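Each protein sequence line maps, in turn, to chains A and B.
Here our numbering is used: position 334 in the first sequence is 334, and no number is missing along the way.
Each number in our numbering corresponds to the 1-based position in the second sequence with 1000 added.
Where hints are given, some of them may not hold.
If you want a taste of the chain B side facing chain A, the calculated C-beta under 8 Å gives, among others [unchecked claim]:
1. Gly1141
2. Thr1144
3. Glu1290
Which residues of chain B face chain A? A partial, calculated answer using Cβ under 10 Å [claimed, not checked]:
4. Leu1016
5. Val1020
6. Phe1122
7. Val1180
8. Met1181
9. Thr1185
10. Lys1239
11. Ser1240
12. Leu1247
13. Thr1300
Anything over 10 Å on all C-beta distances counts as not near chain B; from chain A, calculated [to be verified]:
14. Phe57
15. Ile103
16. Val136
17. Ile291
18. Gly336
In case anyone wonders, no lab produced these hints; they're calculated from the structure.
Just so we're clear, the structure is a prediction, and the values are computed from it rather than from any experiment.
Ideal Cβ placement from N, Cα and C applies to all residues, glycine included.
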Amino acid sequence: MSAPVSETATAALHEPDAPVEQPRGGRTPWWANQRIGLLILVVALGALFGILRPAFFNQQLVVFPLLRDIAMFTVVGLAQMCVLSIGHMNLAVGRMAAFSMMITGISYDLWHFSLYAGLLVGLIAGTAIGALAGWVIARTGVNSFVVTLALDFLLLGLIPLVYTGLTDNAAFVTKPEGMREMRNYSLADICIGNVCGSPAVPQLALFAVIAMVVVGWIYSRTKLGRELLMTGTSVKAAELSGIPTARRVITAHAMSGCLAALAGFMLAVSTGSIKATIGEEFMLPSFLGPILGGTLLAGGFISVWGTMLGTALTSVIRKGLDLLGVGLESLNIYLGLILLVALSTDRVRTVLSDRQGVRER
Amino acid sequence: MKATLRFARTTEMTLLVIGVVFFVFLVIASHGDLLEANSLRVLLQFLAVPVLIGLAQMVVLAVGQLNLAVGAVGGFAACAMGVLMADHGVPVPLALLIGFLLASVAGLLNGLLVVLTRINGFIVTLATMTVLLGVQYRLVGTRTVDAYPQGLKSFGSYAVFGVLPLIFLVALVVAGLLAVMLRRTVPGRQLLASGGNPIAARLSGISNDRSVIIAHTLSGAILGVAAILTVASSPGVNKSIGGDWLLPSFAAPIIGGALLTGGSAVVLGTVLAAFIVRFVDTARAEFSLEPSWVNFVVGTVVLGSVVLGQVRTRRQERRTVVKAPDAAVAGGVS
């Protein structure tokens, strides 16, 4: 197969001779299943780091913040996964989080909302800004990359202006009741009868679980999810089958905005402040999780579990290297290399399993 | 072909008109201060690097790829040069040459990785960006390297007739060379052919893989020049060099009319767009507004220009094709 030059054109070239979707399920040999490989890798690395540095299993100082990070970045990954499912991208994922947290901050500061009411307002704002991006894309047919990039620019300008206009120190200082507690509460604080949860699992992780269940349910059980994936596989075919593709584009981006808002909220709670820089570091992890987990960039295939495992892998590596004393500066080098190696081996695996499949046929 | 030519011409014409009107407006708003040699020099001085990073992105867009590592490659090369000169006492020309080569090799690596692994260029450059950011941080840490020879700094601030900064002329020369290369030479034409229609290019005996590698290498080389100019014109290099290059690198070609799907060479458009973005920044300084306004305005302009461009092409298509399939809605980026 020739160059990966223009994706649309090559996709058109591929379509006739590869009508079967990527052989991820059923016939695929187990060693070619990306998620099992990821799970083994996460567990093995966790064990390795634990042996090298027993402090890795310290519940309060390591496991608790690690799980909190994994939970937050899983939601970030899910936000990106929703748009990847239709073959789009959302480069403004971090800035959408910042935007919705700005609205949440305003609701706490000026309107004195309660914690969850503010969260709701933020989610609505995120959904709205995502839907706006989707609407522009669907309406004009401009590439999602450009639209979200421009939106990112726009919000990057707008958000600091609002913050400097409304606050003194570029952060909303009003903290609603319960925000500080939520930061430190773990499952140990939830008891049913005498049985309490583990102190290592933060309560914030529940948000990620809810998000995973809802997104997983949408994609695996509902007509909407099927239609989104169909749109991702082939817009033309989806359109001809009577799927309102333009509306599905808007839906996917709105979902992405909503999840980005949730991730922003989780970050705001765990850092304890609502400021303009929320979500700045979301871009890279938002792609890392889904792509390591097997979600296709071209659209049409997603994996909620994979997104979680991919995020877990990067977070475990980050934390482990940190404990081993690898400096902050080198972390990025390793993360980038791991991403490249992981994707290359995945590529090799897919090619091998394809070849085997052909032979069996 | 004729229609696209005319279209390209109008995009650049529009940009030129907007630029001139904007400039006249700025001159009037500043009561003519902007026409003084010093203000003009400053205006052009800070234009050299944006022009180059826009061109670095334009080259890869022309072949239907994209390069997220523009800032990382440039920052890494700039820091490498600074460290070589300041810490290891490498003579200036040699250090600059090494930095330039490092950037080119980084671009070459991007291209090779895309071609060999068949991974999406977006992901490959995302990964190399991460790696290079780490290397850059490792090179300079939290310090600012500024102990390099004074000669280089005076090269960076020298201006012909006190108006035309040398580094701006260098950027223009690079733009001119790139334009000639894309228009007149065989590799340039092949590059555009691969970007415009890879299947047709392959059937005509063009190696798309080679085009991709050439485009990424060129992008790296242009970033190498940008890094040299950055080292020469800024008081020192640190880890934040290149950190804010990514968005402008896309803004200039996209405003300039480049197609994300590849096949378009808009050197002039990219340069003009860089001018306009610079004018926005000048206007911001003139009216002493917050720096955030620049991003806000540029974001709006980018969005507006792509929407307008799309509307225009759609209208053209509707005239020729009865019903165009909505393939554009999918809009996956390679």
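Interface hint compliance - B:Lys1239 to chain A, C-beta minimum distance less than 10 Å: 9 Å, holds
Satisfaction of the B:Glu1290 interface hint, Cβ to chain A closer than 8 Å: 6 Å, holds
Hint check: is the beta carbon of B:Gly1141 less than 8 Å from a beta carbon of chain A? This hint holds: B:Gly1141 lies near chain A, its Cβ roughly 7 Å from the closest one there, short of 8 Å.
Cut-off 10 Å, beta-carbon criterion: hint that B:Thr1185 touches chain A: For B:Thr1185, the interface hint is violated, since the closest Cβ of chain A sits about 19 Å away, which is over 10 Å.
Have a go at the B:Leu1016 hint: is there a Cβ in chain A nearer than 10 Å to its own Cβ? 22 Å, violated
Against chain A, run the beta carbon of B:Thr1144 and see if the smallest gap drops under 8 Å. Nearest chain A Cβ about 16 Å off; hint violated.
Minimum C-beta separation from A:Ile103 to chain B exceeding 10 Å: can you confirm that? Correct as stated: the minimum Cβ-Cβ distance to chain B is 17 Å, above 10 Å.
Say whether it holds or is violated: A:Val136 keeps its Cβ farther than 10 Å from all Cβ of chain B. 7 Å, violated
With a cut-off of 10 Å on the beta carbons, see whether B:Phe1122 makes it to chain A. Hint holds; B:Phe1122 Cβ to chain A Cβ min 7 Å, cut 10 Å.
Take the shortest C-beta to C-beta distance between B:Val1180 and chain A; is it under 10 Å? 23 Å, violated
Is the shortest C-beta separation between B:Ser1240 and chain A less than 10 Å? 13 Å, violated
Check the non-interface label on A:Ile291: least C-beta distance to chain B beyond 10 Å or not. 6 Å, violated
Checked against the numbered hints given earlier, the structure breaks hints 2, 4, 5, 7, 8, 9, 11, 16, 17 and 18 and satisfies all the rest.
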